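So the protein sequences, as listed, match chains D and E. Under my numbering, think of the first position of the first sequence as 1, with each following residue one higher. Under my numbering, think of the first position of the second sequence as 520, with each following residue one higher.
Simulated from the structure, these hints should not be mistaken for lab results. Do not rely on the hints blindly, as some may be mistaken.
Claimed, not checked - FRET-style restraints, in silico, Cβ to Cβ:
| hint | chain 1 | residue 1 | chain 2 | residue 2 | range |
| --- | --- | --- | --- | --- | --- |
| 1 | D | Glu193 | E | Glu709 | 31 to 41 Å |
| 2 | D | Gln106 | E | Thr639 | 54 to 64 Å |
| 3 | E | Glu709 | D | Asn515 | 53 to 63 Å |
| 4 | D | Ser236 | E | Thr699 | 24 to 34 Å |
| 5 | E | Ala632 | D | Gln371 | 42 to 52 Å |
| 6 | E | Gln599 | D | Thr72 | 26 to 36 Å |
To be verified - Using 25 Å as the maximum straight-line C-alpha spacing, the simulated DSS-like pairs for lysine-lysine come out as follows:
| hint | chain 1 | residue 1 | chain 2 | residue 2 |
| --- | --- | --- | --- | --- |
| 7 | E | Lys620 | D | Lys48 |
| 8 | D | Lys177 | E | Lys552 |
| 9 | D | Lys60 | E | Lys552 |
| 10 | D | Lys48 | D | Lys35 |
Note that this is a predicted model, so its numbers are computed, not measured. Even glycine gets a Cβ: it sits at the ideal position worked out from N, Cα and C.
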Amino acid sequence: MSNQYSLNDTVDAIVIGTGAGGAPLLARLAAAGLKVVALEAGQYWDPKKDFPTDEVGQDKLFWNDERLSAGTDPVPFGSNNSGIGVGGSTLHYTAYTPRVQPDDLQLKTDFGVGVDWPISFDEIATYYDEIEHFIGVSGPSEYPWGPARKRSYPMPPLPINGAGQLMERGCEAVGIKTSLAANAALSAGRHQEGLGHRAACANRGFCQAGCNVGAKSSMDVTYIPLALSKGAELRSECYVTQLVKNSSGRISEVVYLQNGQEKRQKCNYVFLCAGAIETPRLLMLNQLANSSGQVGRNFMAHTGLQIWGEFDEDIRPYKGIPGSVISEDTHRPDDADFAGGYLLQSIGVMPVTYLQQMARQRGLWGEAFKQAARAYNHVAGINILGDCLPYDFNYMELSDEKDGRGIPKPRVHFTNGENEHRMTAHADKIMRQIWEAAGAKNIWAYQRNAHIIGTCRMGHDGGANVVNADGQSFDVPNLFISDNSTFPSALAVNPALTIMALSLRTADQFLANRNRLNV
Amino acid sequence: MDYHYPAGTVRALLQTDDVTEATRQTLTERLEKPRRQPTFFQPDEAELLTCIIDRLLPQDNPAGRIDIVGVIDERLTGNQSDGWRYDSMPADRDAYRLGLKATDESAVALYGAPFCELPTEQQDEVLNAIQAGTPPGITWQQVPADRFFEELFAETVGAYYSHPLGQEEIGYVGMADVPTWQRTKLNDLEAREPRPIN
């Protein structure tokens, strides 16, 4: 069972952040018998009580300390691209869990741009298999793209929603292959180690907020309970402010605020898993691990263009898993004039999310907007997720402005480059064709970049990267990073499954090398 | 197509076991919340903001008015953020103060009177100029007009359509999820899903 350590104890490891990067690793270290403490800035929610089916009522799941979005294509945060609470942003991820394809990891080799990953696909795939079966991923028995799988998904796919049916119809008409998608939500109830029974998905379509039945495989109902059952200690509402280095250059203590009080926990190792903004922010604030000058650099955000349309059919976009259909036919299109590629997904949508997007980009207001809003039940979307290259002009820095805690706000610069513009134009054309073939009217495009990646890049060369392939800092030997910040490239898939895979890999590499590390 | 839905659907569902207790509490509180006496906005600012919002999302529901200005005022009073802002924009409180002042400047420059005193056609022309990022007025140098319009309208829409009366207007009943949704095929509705009336 879960332990409680004293501030006077020197614990083996402190894990900062409990999302997709922190939770799997926390469970792995605890299972190996280590004394581990997780520090989570947010609360430990009770989904039944705390998650109303209401978008505004769930904005507590977003990291709402203000971030400044700069550049030509400013990236939104809050409801996008952030998370807080035990489980991190997996509390409100759409649960889309496609695997990468091997060539996603070698853009440099294949196209001469970006960088290659320092880890092989096969190594990551071993972890994909383990994770899909542990957290519960529902998916098709045969998946048409990528290498053969060791096992099929542990559960059959979820029921297909309205947008998915329309995407199948449109894609068939224009000759694009589709498949039911892999989603980390249960198509049937099952036992979860460390937790007990988890109910099947209620098709409530609210996945971009918290799941109130426990069917979505967020970390709070999967790796966190496992970690606690293996003896990890979880401290929620603990906001880390300092990583204290001793004279030998190792972090000896983590300082955090709990109920307004400063506390200090001694430790042998630190695993920083706070996501692609808060992780580099903490390093910058503490002037740590940055001899390469690369902390905060290489910021990437997926190309994520959405195409929306209104259909004669009654769709009710609030029903069913939002991303039920996928195509990876555009992974490496024959007619591409860009590096990398993208996938296509159908999207269901919650009303406030959809209508606020419409408010920002469709140009309508007044009665014209209200009429378009009344078509909500007839609306369906498709979107892409595609590669984004690293550029010098895209980075995160600390601003002079302070947030409510008195800490400098992060400023994130983001501008799409030529490659992203070409990919987006390619996708715009294809998605409009699909939607027209499916019968959409009043088609409109929502320009966006989604998922934040790459501010503490991993690689073999300590001069150009922040951490090595195991997630270990080149500068501070007992500091490891495990989250989306270490990705060397953006990948043409949603990142959560790969973040979890790297998290387990980092834990396993750490455990295997611990004696050597423990100098 | 212009769809219309019957009134009262969400309010009726809130009385049933089709919604969880957490959902009922959240939505009922929002529905029954009295109109807020602004504490961040000065009376003249609140009046101007009301005039603007009445053009952005006109309200004519006999069941009641959604207090959008109150939602914004409450957030700004608490200095709460939604997690980000455009770097080109001043802090939210300043952005609202400046944007309101600038809107009146534009109204005077274009039509010779403050915004609230203009006929609706001229109010709409002022708002079109702000949305396009090209309104006259020196204060717009401190707050980009097109971003001010975008942020104000997005917040307005959030307040309106998260309210049960706004949800009824668009036929949304996703909050009634306790029985689970089993009919996920196109055109296949469950009994509690309202049909459009036309």
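Out of the numbered hints, which ones does the structure contradict?
Failing hints, ascending: 5, 7, 8, 10.
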